[in-house]
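Trainee: Sequence:
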Amino acid sequence: MGIGSKLSALLSERNMNVSELAKRTGIAPSTIYSIIQRNNKKVDIDVLLNIANVLGVKAEYFSDSYSEQQTNTFAAHFDGNDYTESELEEIRQFAEFVKSRKK
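Each residue of the sequence shown is one higher than the one before, counting from 92 in the numbering used here.
To be clear, the hints were calculated from the coordinates, so they are not data collected in a lab.
Be aware that a few hints might be false.
Listed next, the in silico DSS-like pairs over lysine-lysine satisfying Cα-Cα at most 27 Å (straight line) [claimed, not checked]:
| no. | residue 1 | residue 2 |
| --- | --- | --- |
| 1 | Lys149 | Lys114 |
| 2 | Lys133 | Lys114 |
| 3 | Lys97 | Lys132 |
Use the sequences and the hints to build the structure in full.
Mentor: Here it is, written out as structure tokens:
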């Protein structure tokens with residue numbers, strides 16, 4: 092997934108449009124539209140850092156390997172405090188299911 096796809100998805104998640112992002116970053120709307128439409132794999136680092144900062148993500152979010160890194164580190168960041176007991180039980184059951192498939 093290119094930077095443009097990830098940026099578009101992130102804007103949707105944040106209920107933000109290109110114009111608002113442009114105002115908050117000081118980046119021309121045409122530049123942001125170009126990143127999204129061309130789905131670039133490479134973007135100027137200063138532009139990327141500015142966008143990431145405004146959207147509250149690390150610049151690494153836009154890299155191809157970010158999804159894989161997140162999957163591998165989920166367990167290290169899970170503290171269980173934000174889930175009800177029934178949700179925790181579902182998580183435990185799912186973890187057991189995944190383990191059983193490896194056997």
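Trainee: So, for every hint listed, does it hold in this structure?
Mentor: Hints, verified against the model:
At roughly 20 Å between alpha-carbon atoms, Lys149 and Lys114 fall within 27 Å of each other, so this suggested pair holds. Between Lys133 and Lys114 the alpha-carbon distance is near 22 Å, which keeps this suggested pair within the 27 Å criterion. Proximity of Lys97 to Lys132 is assessed by CA-CA distance (about 11 Å); at most 27 Å being required, the pair is judged to hold.
Checked against the numbered hints above, the structure violates none of them.
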